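Colleague: Residue numbers (numbering that gives the first Met the number 0), protein chains in the order written: chain A, 0 to 81; chain B, 0 to 81; chain C, 0 to 146; chain D, 0 to 146.
Simulated from the structure, these hints should not be mistaken for laboratory data. As the structure is a computational prediction, the values presented were derived from the model and not from experiment. Just so you know, even glycine gets a beta-carbon here, dropped at the ideal spot from N, CA and C. Keep in mind that a hint or two might mislead.
Which stretches of chain A does chain C cover? Using the computed rule of at least three CB atoms under 8 Å from a CB of chain C, they are [as the list claims (entries may be wrong)]:
no. : region
1   : 23–30
2   : 66–77
Using 30 Å as the maximum straight-line C-alpha spacing, the simulated DSS-like pairs for lysine-lysine come out as follows [to be verified]:
no. : chain 1 : residue 1 : chain 2 : residue 2
3   : B       : Lys35     : D       : Lys122
4   : D       : Lys135    : B       : Lys35
5   : C       : Lys122    : C       : Lys135
6   : C       : Lys84     : A       : Lys17
7   : B       : Lys35     : D       : Lys84
8   : C       : Lys135    : A       : Lys35
9   : A       : Lys17     : C       : Lys122
10  : D       : Lys135    : D       : Lys122
11  : C       : Lys135    : C       : Lys84
12  : A       : Lys17     : A       : Lys35
13  : A       : Lys35     : C       : Lys122
14  : C       : Lys122    : C       : Lys84
15  : D       : Lys84     : D       : Lys122
16  : B       : Lys35     : B       : Lys17
17  : D       : Lys84     : D       : Lys135
18  : C       : Lys135    : A       : Lys17
19  : B       : Lys17     : D       : Lys135
20  : B       : Lys17     : D       : Lys122
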Amino acid sequence: MIDVLYFAWVRERIGLPKERVETEAATVAELIEELKAREDRYAMAFSDLASLRVAVDQDLTDFDAPLAGAREVAFFPPMTGG
Amino acid sequence: MIDVLYFAWVRERIGLPKERVETEAATVAELIEELKAREDRYAMAFSDLASLRVAVDQDLTDFDAPLAGAREVAFFPPMTGG
Amino acid sequence: MGVRVQQEAFDAGAELNAFSSDVDGAGAVVTFNGVVRNDGGDMAGMEIEHYPGMTERALGQIRDEAMSRWSLEGALVIHRYGPLKPGDTIMMVATAARHRADAFAAAEFLMDYLKSRAPFWKKEARATGEEWVSSKQEDEDALDRWS
Amino acid sequence: MGVRVQQEAFDAGAELNAFSSDVDGAGAVVTFNGVVRNDGGDMAGMEIEHYPGMTERALGQIRDEAMSRWSLEGALVIHRYGPLKPGDTIMMVATAARHRADAFAAAEFLMDYLKSRAPFWKKEARATGEEWVSSKQEDEDALDRWS
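Work the whole structure out from these sequences, hints included.
Modeller: Below is the structure:
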């Protein structure tokens, strides 16, 4: 089980800020494939990975990052702070 | 007649902040030569021109600047503001 | 001194004075304040979303990196989230150093990194509707000068 | 907004807040504060001499140059003269712009120019006696990047 968080327009497209996901995915990319297979709203949210960023356990990382031991994965658009 | 002003250690070496000088000097450099000829304290203050700056009528300029029409010449070390 | 993430407004002037009195030995204090602009004249407001937990962690890492890269007496980052109006102060960075070059460089570094690497997202409310602010390539490019 | 040369202390935080509220449309406000350091631990104080008349003129010209080089909503320079103690604020520069790059660059430009081109001279009073502060080659070199 892993907590999956969504922020900004990713959250709006998927329609929820957070969910617990039962998964055996070894990498972020595999988790994304599982989510896309669920429903259209996931497929749409993850249709353009170039416009997405991912954090595993609150550290920015890449889509090929491993999920072994991870408790929290977050998906969001590029940041616009400051 | 021209007002000659001195600041910082130039003022201290010459011993006064300001004086009126009767001069026919055509340039700042000529004025400096006239002042140096007066007394040792002037000669000492103007001994190293590389460590001096000059302003004519409150604009920074060079030692070869003309004095025609000038009302005020100031001598001082490099600035240390900020 | 450190990192603060908060919804409440803060007094930038009071923060500057408190920061300055904390950094003994500093000859140079630089601040940056980000303010909500009223671009186009039709901006009703802005909502800033963030990622609680990761935000503090990311800002802390960016601040630590600045402290290790430059000779600083102190560094402060304050960033708000939630609803904001045009003219409101969004965030503030303050740096203190013996010499001005360090204070300026560290403040610019903090700004460049928190723009693109701290988990904040801005949504603008305009007469034409609500819209998420797009990230700018120039902000991403700005990071290159520090690598 | 503009240029102020004064002997009296000023409240940097209050100046920042007043400046920010004056610059409508600015998304970025940068300040620099110069503070008397206690280098070596034996500094009793400092005296700043200036050239009344030329000081205001030189600072005004430097500010005008910054306003014409960058897209600014405002720029402020405050510089004190007279006796100062360690910890006292000597001077402040504030710039406001739509974008942070302009505000930072203009603030650094103002600092570099007023360091070496505005007629101020610092004399430090230490345990070992009084001494005029020497100008630094690095401050002169800093001007090269703007030419």
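Colleague: Of the hints given before, which are not true for this structure?
Modeller: As far as the earlier hints go, 1 and 7 are violated by this structure, in ascending order.
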